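Student: From first to last, the protein sequence lines are chains X and W.
Counting the first sequence from 1 gives a position; the numbering used here is that position plus 3.
Counting the second sequence from 1 gives a position; the numbering used here is that position plus 3.
Possibly wrong hints are sitting among the right ones.
[To be verified] Stretch-level coverage of chain X by chain W, calculated; a stretch enters the list once three of its residues show a Cβ under 8 Å from a Cβ in chain W:
#1 122 to 131
#2 306 to 318
#3 326 to 333
#4 394 to 403
#5 490 to 500
[Said to hold, decoys possible] Here are the simulated DSS-like pairs of lysine-lysine, each with C-alpha atoms no more than 30 Å apart in a straight line:
#6 W:Lys342 x W:Lys150
#7 X:Lys150 x X:Lys259
#8 X:Lys526 x X:Lys540
#9 X:Lys588 x X:Lys540
#10 W:Lys150 x X:Lys334
#11 W:Lys150 x X:Lys150
#12 W:Lys334 x W:Lys259
#13 W:Lys259 x W:Lys341
#14 X:Lys10 x W:Lys334
#15 W:Lys10 x X:Lys334
#16 W:Lys341 x W:Lys526
#17 X:Lys341 x X:Lys150
These are computed hints drawn from the structure, not numbers from a lab.
None of these values were measured; they are calculated from a predicted model.
Positions of the beta carbon are idealized from the N, C-alpha and C atoms, including for glycine.
2 protein chains.
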Amino acid sequence: MIAPAPKSRPGRIVIEGVQPSLDGGRHAPKVTSGDRVTISATVIRDGHETIRAVLRHRAPDASGWTEVPMREAPGTDRWSAEITPVALGRHEFTIEAWTDRFASWREEMSRRVDGGQADLTSELLDGAAIVDAAVRRLRGDDKTLAKRAVAAIQGDAPQPDRLAAALDGTLAAAMEEHAERAERTRSDLSPLDVDRERATFGAWYELFPRSWGGFAGIERELPRFAELGFDVLYLPPIHPIGTTHRKGRNNTLTAKPGDPGSPWAIGGADGGHTAIHPELGTVDDFDRLVAAAAEHGIELALDLAIQCSPDHPWLAEHPEWFHHRPDGSLKYAENPPKKYQDIYNVNFDTAHWRALWEEIRAVVLHWCGHGVRIFRVDNPHTKPLGFWAWLIGTVRGEFPDAVFLAEAFTRPSMMYELGKVGFSQSYTYFTWRNTRIELEEYLTELSRPDVASFFRPNLFANTPDILHEYLQTGGPAAFAARLVLAATLGPSYGIYSGFEHFERAAVRRGSEEYLDSEKYEAKRRRLDGPLLDLVGKVNAIRRSHPALHRTGPLRFLETENTDLIAYAKGSVDDTVLVVVNLHPKTRQVGLVHVPADVGLPERFQVTDLLTAGIYDWHAGGNYVGLDPGASHIFTVRG
Amino acid sequence: MIAPAPKSRPGRIVIEGVQPSLDGGRHAPKVTSGDRVTISATVIRDGHETIRAVLRHRAPDASGWTEVPMREAPGTDRWSAEITPVALGRHEFTIEAWTDRFASWREEMSRRVDGGQADLTSELLDGAAIVDAAVRRLRGDDKTLAKRAVAAIQGDAPQPDRLAAALDGTLAAAMEEHAERAERTRSDLSPLDVDRERATFGAWYELFPRSWGGFAGIERELPRFAELGFDVLYLPPIHPIGTTHRKGRNNTLTAKPGDPGSPWAIGGADGGHTAIHPELGTVDDFDRLVAAAAEHGIELALDLAIQCSPDHPWLAEHPEWFHHRPDGSLKYAENPPKKYQDIYNVNFDTAHWRALWEEIRAVVLHWCGHGVRIFRVDNPHTKPLGFWAWLIGTVRGEFPDAVFLAEAFTRPSMMYELGKVGFSQSYTYFTWRNTRIELEEYLTELSRPDVASFFRPNLFANTPDILHEYLQTGGPAAFAARLVLAATLGPSYGIYSGFEHFERAAVRRGSEEYLDSEKYEAKRRRLDGPLLDLVGKVNAIRRSHPALHRTGPLRFLETENTDLIAYAKGSVDDTVLVVVNLHPKTRQVGLVHVPADVGLPERFQVTDLLTAGIYDWHAGGNYVGLDPGASHIFTVRG
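Pulled out of the complex, with its shape left as it was, chain X reads as follows (with noise of 0.2 Å):
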């Protein structure tokens, strides 16, 4: 026995495609707040009825909808609003499309009046009807409006003149307006992120604190990165350090006195996660930094590393958080044939999980608590994915403002799923992307505006871990070259602490490892390196050119040369030209093709914002040549 119709009938309307979406809904796209925001469906119903659509969207906390009508791209049944989001955190939408019975009859007795029907008596009847049922939902105006034509065009007047009635624009005015929405259907409820600017846009300086006099050094130098333009310094873990099995320098198993471990084996005597390294200074103290720093426009990115030194008190507290050996010895942390013997990690398989989680979330809203609101969190692609998705979630929910930094170097689906899951941004390969192809390849991804809407990049020059070779060989030219790069490819960068300097010793051939690194030992820096005159130019270009606050647009340019870059960022409203010679030896010359679809003039000027150098550009190509390490940079001018 074949199965009878449904019980209830199915919508008559079909809303597709909504647009932004990530994995059918699963996963928020994310937007910044102030942005313009084009939200889209496909609305379609069978017939010629006149459909409408309107974006309803609830911003976070918000205590009902807001409608915004929507607009079919003619003849597509592709609908669309824009809105621009501006209070932080989870915002819903939905797009809801009715048949407006009202508009359907107009727009067809239009078309009868236009093919010359004669009699339009009993069409007359139907469109009174729709407007007499509609005067119960009307008020004031439009309710006397609407019964004055109900009679009008159901009375004794010439039929030219019940028509005039009928579709009198004023009528249609408010019958549109409070249309009975007759057919209803919404699409699912979907998701948006709104973060700030910083989550998006921001230059960024990576500091031991310990090297730089502990917080109340990095507070003498807060005017001079203030000055060169820095928003963000991300300090390396500030907790006490374990003694047990402390690393010597060099990443030598055995510490000589006075060596003072790395910070990322948290947790000695003096506490865990929540503590302060004695050596930096008092929690005073660094509340004292993070406020100084404000009053300079700067923030403080504090490391969530979720691992602990032999010393940690988790270990004695909670034993049942650790992996045990056989034996019942606890585990340390290794990935054969690595074996990271300072430090264990923490078994988010243990049966105790529930409390693991709430008490490492208790980390995150601690510094919260002290003003922190920028978290580099140190290899999430370990822990579960389950676990960042609520933990970022819930902390958003009590600080909207909350950045998370993902330093995730693995394979690029757990990159990306690590965006989609909540990471406000993410390290990238920018590091071993150093050639023409590559460089245009990997960002031309990471621009696509399906990976930025879950993927924002923060393309960090070079870490405490990678001293790329192009650098080590390079010399100064390269670590220009690069510091361009990373600068208006990415509308989030960083440098760590002696890219200044062009420091590039590696602990040995072959490694990306840094001789003497900073992470086993503490150094005497001040921020006075010879590339910071270009660091602080770049900075300046950057905060004054929108078109370098997004991943995207992004368009690169032919330039006959794979040792010179060139591309255009940004659009109409600010486009910023960047050419970039790869070769930290020689100088390069070539041609810079401006496309004719590429949004410029034919001929336009180009001003340099390095140099404050002015030269005619055109569609076509633009000759260009450029010493090892420099680079253009420049603004256009119609």
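Put chain W on the given structure of chain X with help from the hints.
Tutor: Just chain W, lined up with the frame of chain X:
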């Protein structure tokens, strides 16, 4: 107060981006029975554990699930498996992934050994514990093997012997086969519709039975239709035709005595959608025609037009299924200013919609009962999408070999949506795509895998409603060119009677309607047109070349002449190269460029399947000269 950790722990493994998938699983992608289907997904887990994944799929009415191992493209987290579904109807699949504890341990152990770790005592015990836990699950030889392995690993033999026992390949295979599927995760159930070959590939011929001597006359021509290689004979409605407001010849409002009326004005004194027009034959005649056609490998396709003449029995029996005017009278069909006085549409908004839906389905099932499995549905875009989803879904539940062709000439999104809700194939814009660029753009879109997964084209070269200007003015050469294009670009294609006679008189200048349209009068037809020789050749070529059985792969080739179109269809197993002179009046010459990446050898021989001519071709430009109406259909020999 911030919310505590969730009660249950989210799955450790994440499965994303399952393919094939349509609109996040809301619709079922289509495949053709016997085609190989690749099913893939991104499977991610934090950390370095060894993951396994299987595809679980279930054919309609199958009692259980079949598992197929999936393989990862190394380093991509992208897993895939291939299946070849055969059973017709709605299949389901899910991807299941788990952590293989023993394989993870074994892989890590190998890294320890390679890294030169000396003492493996503790790690061997870890491995023994995993094997020991598996002993309970194992049976027979595997159980004995595992028991012995545990004893050997835990024993007091020298470490190399214990290690050898632990890493033994037979043990590894048994452990993998009977893994406990730790952290098992499954993707949401995904649907997959499997249709028979004819839903995708077939040569159609449309004929009005009344012009061929009714069912008996068609039966006499069956051997010739079969000889010409037709697979489907599509008959416009075969039901009684109303007399009230019957249309006369050339769509005049008043029929003269003897005018037969439009077959789409369905229903009269002799019955409605389940009755047969007495002049065509009896039910027995129809059944005999169906059976005789089947013997010739030919199927009949019936027209499903949900509309009624004023004399249809439904109007008296079910006035509640129709639109009423304010004065209570029934409302005929119109799309102002067009009026269809001989037709009443049913009202899908009726409160009695369930009875209406079931009655329409009963019509379809009635003809299924008479051996019909192909339905050409008239104007489906003016009936609710939800109705079609239900109708096609439930009919195919009973008759999974049922095929539905959508006759929707409307906006692209609606045509695509009809494919998504279940139509097996669709009419297209092909008749209006006549220039090289039009054809290239349109067929490139239709052959894209994502479109082909729900929209299967049936390229009709003409219809009773569409006689394109290209045919009207191009003469026989235009007909020949369009035949070859339709038959080689579309796995399904069709012609309507008269095409083979080059019939091309329009009712008036600028109209696509035929003069003396067969919709309103009977003709005297026989299968003897001058184009049939080419039709027979083309149909034979189609049958013997798998490259022409699917919409893609399709690649258009440069010709250096906009009046010469060239394309490569198929893949390594079978490649067909087609070149058509689009200019119906003058000879065209050009160079067909075979790109290096199209999968053909540097030099190869092509044989023209139409003329048996043999030519030496090569990567790069190949000279071609074609008279008006001439084409090459080359098969390639390496």
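Student: Tell me, in ascending order, the numbers of any earlier hints that this structure violates.
Tutor: Result: hints 2, 5, 6, 7, 11, 17 break, sorted rising.
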